[in-house]
Structure formats: structure tokens, C-alpha cells
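Participant: Below, each chain spelled out in residue letters.
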Amino acid sequence: MFMIEKALVGGRRYWGWALGLFVVVAAGLYCYSRQLSYGLGITGMSRNVTWGLYIGQFTFLVGVAASAVMVVLPYYLHNHKEFARMAILGEFLAISAVSMCVLFIFVDMGQPARVLNVLLYPTPHSMMFWDMVSLGGYLVLNAVIALVTLSAERKGVAPPGWIRPVILLSIPWAISIHTVTAFLYSGLPGRSFWLTAILAPRFLASAFASGPALLILLCILLRKLTGYDVGSSAISTLAVIVTYAMVINAFFVLMELFTSFYSQIPSSIEHFQILYTGIPGGALLLLVLGRISLAFMAVALLLLLIPKFRRNERMLVVACVVTFVSLWIDKGVCLVVGGFMPSPLGAITRYVPTLPEIMISVAVWALGALMITVFYKIALTVREGGRTLAVGHGTTPLPLAK
Amino acid sequence: MKMTRKRFLEIGGVSLIAVAAKKVVGALGNEATARSSAPATRWAMVIDSAKCHKKDGCTDCISACNKTHNVPVIKDSLHEVKWIWKEPFENVFPSQNNPYIEVALQNKPVMVFCNHCDSPPCVRVCPTQATWKREDGIVMMDWHRCIGCRYCVAACPYGSRSFNWFDPRPYITTLNADFPTRTKGVVEKCNFCEERLALGQPPACVAACPEKALVFGNLAVPRSEVRQLLQSRYTIRRRPELGTEPNLFYSV
Amino acid sequence: MRDRGVIYTGLLIFLGLITFPVWHDLAAGTTSRGPEPVLPTQEKQCVAPREFMRTSHMHLLMDWRDAVVRHNEHSFKAFNGKTYSMRLAGTCLASGCHTNKADFCDRCHNYAAVSVTCWDCHVDPKLTRPASGGASAAVAEASRFPVPEAERGQGARAIAGQTPALQGAK
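Chains E, B and G, in that order, are what the protein sequence lines are. Take the first sequence: its letter number 85 is residue 262 in the numbering used here, and every next letter is one higher. Take the second sequence: its letter number 243 is residue 223 in the numbering used here, and every next letter is one higher. Take the third sequence: its letter number 167 is residue 827 in the numbering used here, and every next letter is one higher.
Just chain E, same shape as in the assembly (with noise of 0.2 Å):
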């Protein structure tokens, strides 16, 4: 069932990665644990700063999770075949992502025991609540996608006419799952770092670029650790992918500093002086943060749109890494804790996240290490045996490329 047998099979180099990530993973339950008895001020968030690491990295990681549509998009609905073999590892990532966010939000929550409160009492007019249902649409979706293709290619058969349609609604719901998460911050009138209606556009739009960023590391990872290639042709139109997402989320920027500085209205300015250019009181942590998070968006820029660049692997990889890390920064920090300064009677509270705080968050992101390595570890065992891949949905069987 769900060929886990596939997973416990393996090298040194494997199990070395996964019983090192089970260490992380034990070292973070601790440092939970030690948050559930003494309570979230074991954190670096305050009274003016109330969501942290754990939120940002939540945002964050909901737009990894819906990148995968940028790979099922093209091979699924329009047939791209050079896609084939990337597929299933976008799904993979996207369940493994969507995880990592719900084991975030939980994490975060003051009373964590309480929950299912949030199912038993629905509350339609909560995009807190819309956001659970469709996070968890999504990741029961993906899970049945899945495993589904990957049962039928491991039986040598086309997988089922049903699951196409299945396929095409993961399309919507996972820009749904962004545009939820960004109706959280979006619709809050006090907050006017966060009242933009461009926040759910520039949401997807780094979205789209970090996450293929991330899965095109993932891939040549994966062809120097285990040979599993899926194709130059593939990785060079993610890259592609990637380059326009950045190019429309640089633009988007843009868009918002150009407002916030032309208007000179202070609550509009505020925000992006104490990210980018700096003001009295400010909080260092953000500013030097806001700053290497554009630093890198230029430096990714510049390497992604010179194809000389962007078709050399190296320099590929390495606009990969600051794409990612600079998004990473941009959402999984500024955004939020941003967001909170300054606070609405105007106080600027430095936020510093504590060592508990941190751990937690690497254990997290390690679980989904985890995770993605037992999926990726169960897809490879099957592709590896050799059969074709006979992809049926209705539409010509599409062999596994070589």
C-alpha cells in the first residue's frame, strides 16, 4: 500500500539523509514541546508583532505547493510532453509543501488542541477558514493524483479516465490556494502594508518563480544522486517559466513602490522605508533583510534573462538558489513581520526570532525534506524499472521520454 516498501530500500548515502533529518526532526518536537508547556512567548513575536517565522514560512511555502500547476499546466492540459518525467516530482513537492504549511499553521496556533474548532464551527465569512479547506483540498488532491498515476505506472497500465478531470481542478485550486492566503492579509483595513489589491498577483507571480526555481534544483539534484534525468528540454522551459514569473513579480514591485513614494501617503511609505531605505527606530533584522531580498531579485534577474546564463547549468543552478532565497526572504519574513510595522497606535517592536523559534521552523522544512525523499525515492524505484510510461487520459499514450 501506497509502495512505502520502496522507500525503506536504500543506500548509505540515503539512509545517512534520512536518519540525519530524523534528528532534526526530534531536536524541533522538543523545542515544540517546550513551547506547548510554556506557551508562543517562547518565540520572538510580541503584542505588535504576532505572527513570525512560523506564518511567513506558512506563506511561503502555500506558493511553493501551488507552482506545481506551472508542470501540470503544460503537460496536462496542453499536452507538452517534454514535462513527462517532471510531473509526478512537481506533485510530489506540491504535497510535501502543502504539509509543511499545515504543520506551520498548527505550530503557530496558541491552542493547538483546539484546532478542529475551525471545522466544527465553519465560519464562511473567515478566509482563515476557506483557506483550511482549500489547503486541505489541495493536499488530498494532489496525494490522489499521485498515487493514482504512479500505482498505474508501476502496473505497466494507463492510469484511469477519471483522474484527468481530477487533474484539471488542481489547475484552479491551486491558484486558489494562493489567492485564499493572500485574501488573509489582503482584506485587513488596518493593515495597509497588506491593503493592496495587487498582494494576490504578486503572491502568485513569486509563486511561479520559486517554486519551478526549487524544482529545478530538485531535478538536477536528482540526476547527479541518482541519474534520473528529466531532459534539458524540460529544465530549459522552467527556466523560462521562472525568468517571466520573476520578471512579473520584479514589475509588480515596482508597481508598489512607484505608488507608495508618487502618493507620499505615510502609512504607504512607512512600510517600505523600514524594508528598503531605512528610518529612525527602524528594525535592523528587516532592513538588511528587505535589502539582500532586492539585492538578489536583481542579481536573479540578470542571470535568468541573459540565456547565455540561464542555459548554462552552473550559472542556472545559482539563479535558482537566489531566486529562490530571495523570494524566500521577501515572503517568508518581510511580508509578515513588515505587516506589523508599524504597529496601529504607530510603534515600531523589532522582531528577532529566538533559537526554539528557529528550530522548530528547520524541523519543519526538514520533515518535508523528509517526506519529499520517501516520495521521491518511491517514483524513481517505479520509473526505474523500465516499463514505459503509458499515460493515457484520454488522449495518446505518451512514452517516457529518454
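I should point out that these hints are in silico values taken from the structure, not numbers from a laboratory. Possibly wrong hints are sitting among the right ones.
[As the list claims (entries may be wrong)] BS3-like cross-link-like pairs, simulated, lysine-lysine; straight-line CA separation at most 27 Å:
(1) E:Lys485 - E:Lys332
(2) E:Lys554 - E:Lys258
(3) G:Lys761 - B:Lys47
(4) G:Lys786 - B:Lys47
(5) B:Lys3 - B:Lys34
(6) B:Lys(-14) - E:Lys332
Here the structure of chain E is known, so what remains is to put chains B and G in place on it, guided by the hints.
Facilitator: Same frame as chain E, now just chains B and G:
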């Protein structure tokens, strides 16, 4: 017709959708009807700044509130819990401020607490209805249901809400057995002393103020003290442009 | 069967472990003892019949909680026509009733290994009552009698004005 697996799944699926739809429509409908009926009670408060400033350094209302509701006194400002407190004028009314504002307003603090808005963003965002707007206008909190997500804290444009970052009991100076404390992991705020209102008493801060600067009453009654005060002088509210319709009026 | 010895030894160890709760309690002399909650001496009738309270006091408390907090209802009409104010510390733990949480509530809860979270927030009145009588007697007296809706203002005012101070909770 013979029951097949396919038919069973079809019936099950349709039933599930029907049940879910009913719940959703019901929830949406409830919100609509609640707003359409005219209120018999609309609690509000008018704060007379001139009277409040008469006694320098007075914190009687804050002490009364803290004592009545077991509000912990946490010195660490990062994790403090406060229901009512003082803020400088320019922080409370940033859009009313100017560089040449009268000295009296510059140097005297303003009392701030939950505005019990008519259109509260905190209620809109709460995923479990742990906070909701009562028919009499009070924005209530149910500490049994709160999951501590702090979405309401993010949503409040006034910074009125506090989260319990750890167990507050060690920081409670005077334990009042008539009112529960809160536990770590839930959000709290001023509740307009709804438990005292149920007994026909005024809010603790109103009763404690030596200058009678806090005037509490029912906006739905045309001749109430609050209505008369509001009609007789100019009052401002915090960030009215946001459409929250606060029920805390400041006469400056 | 070459491994007979190992198998029998293993079985014996297993039996010993699985019957641990039985022989441990026998040795400690606690098996025959059930929970022994101390019943109130003054009041003989609770807000609901004894059997109902035994099986469903949690349901009653949940109903009271939702009624008071979510529906702003404070008055409870009991099965015998009496009216009570729906309060955990103020009514259940009132003077004359279950005044000692440790001797009543905790006895059964500890026996059944039930950990309730009520006391994380709700205050056990014993924590605020000084050892001697005095002010607390008036407090106790006021909260002991079921208070009808119309008269609630009087009684409550007496309680509110006489809450003794506690020097630091821990």
C-alpha cells in the same frame, strides 16, 4: 433499481454536497438577518478628555479594570496584556495630528481600549466565531473556543487585542474569584464589562473614574446621556475612514 | 522445540507485564477503594438529579457555558423549579455546596485519570478566601442562595465589593 457501488457513491456525494450547502447558506443567512433588525440596545461610551485630564497621572480606570477581570500586569512590554491603557494623542489620532497642535492635546494621554465597532474586522476574520458581535453591540470573546491563531489581533486596526504568550496567573496581583482568568494561548480584550452589565451595573472603569470622564450608555435610546453628550459637542472616533464604525467617542 | 526455555521465559515476562496494573494495585492496597468525594453537608439537592449529574455533569456545564457566554443567558431553571445562576465557581462551588474542589471534583477526576482544563481559567474560590471568616462569610452567604433574575443586582453588588485580595497567585 439495483444498488451498485457507483450509485451508492453518487447518492453519498450528492447528500454530502446538500448538507454542506445548507450549512453554508445558513451561516451566510444568519449574518444577513442579524444586521437587518433594528437594535434595541447599542452600548457605547463617550470619553470626555477635558475631565480625564483634570487629575494628573490618574490610573483609576485601569486599576479597576485589571482588578475586576484578572488582567495580568506584565512589565515586559513585548508580552504585556492590556485591556485599557493610555496613549499619546498623536498615536491615537494620527490623522488629526498636526505639528502645531494645541499644547493641551500634546501632553495629555488618551484612554484607549476596544471600540466595539459596528463593523468589526476582528469578527469578520475569526475562523471559529470565538469573537462575535452581540445583539447589544458588544464584541464578545469566547475563551473556550479561541484557538489562538491571532488573526483577530492582525485584523484590529486599533491594537486593542492582547494575546497570552504564557500563563498569566503568576502576574495577576489580585485574584478575583468572580471572573475567570484566561489561559495561555488565547486572545483577550475589553469586554465592556458585559458580566457587570448583565447584573445592571456600569462598567468598572466608568464606576471607578473620579471625574466621571467616562460616560457609558445606550445609543438606541434617544434621551440617554451618551446621545445627549454626542449631540451637544464635537466628538471624534479613531480611524473613521476605515468604516469600522467604532462606538467609542472622544470629546477632545 | 529447542527454544522451549526461551519461549516460556518470554511468556512469563509478558504475563507479568500485562497483569502489572492488577498485582501492583493489590500490593498497594488501592484496588478496593473507589473515589471518595466529600459530599456537601448543607445542601442536599444539586441543580439536577444525582444520577443525571453523575453521568452528565459535563454536558450540563457545557450547556451552561454556551448559554452564558454565547447567548447571554444567566438564569437556569432546575428540574425542581428552583432558579440558579449558571456559574461554575459562583454556584457549583458556592458555600453550602461543593466548596472544596480538592475534596470533591478532584477525587473522582484523579481516580478516573480525567484531566479537565476548567481550572486553567476558572478560579477556585478557595484561592481567594482568607483562612478566617469575616468578609468571606458575607461573600459566601451572598453566593449561596439561588438568585432570581430580578434581584440579581443586589446580591452581585455585595459580592463585587467584598473580594478579598490575594498576595501573588503562586
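Participant: Can the restraint linking E:Lys554 and E:Lys258 be considered satisfied, given a maximum Cα separation of 27 Å?
Facilitator: holds, 23 Å
Participant: Is it true that the CA of B:Lys(-14) sits at most 27 Å from the CA of E:Lys332?
Facilitator: Since the Cα atoms of B:Lys(-14) and E:Lys332 sit roughly 24 Å apart, the hinted pair holds (cutoff 27 Å).
Participant: Has the given pair, G:Lys761 with B:Lys47, been kept, meaning a C-alpha gap of at most 27 Å?
Facilitator: Holds, because 24 Å separates the two Cα atoms, which is no more than 27 Å.
Participant: Within a Cα-Cα threshold of 27 Å, do E:Lys485 and E:Lys332 meet the stated pairing?
Facilitator: violated, 42 Å
Participant: Quick one, are B:Lys3 and B:Lys34 close enough, alpha carbons at most 27 Å?
Facilitator: Given that 27 Å is the threshold and the Cα spacing comes to 54 Å, the pair is violated.
Participant: Mind checking the alpha carbons of G:Lys786 and B:Lys47 for me, to see if they're no more than 27 Å apart?
Facilitator: It holds: about 18 Å lies between the C-alpha atoms, which stays within 27 Å.
Hint compliance for this structure: hints 1, 5 are broken, all remaining hints hold.
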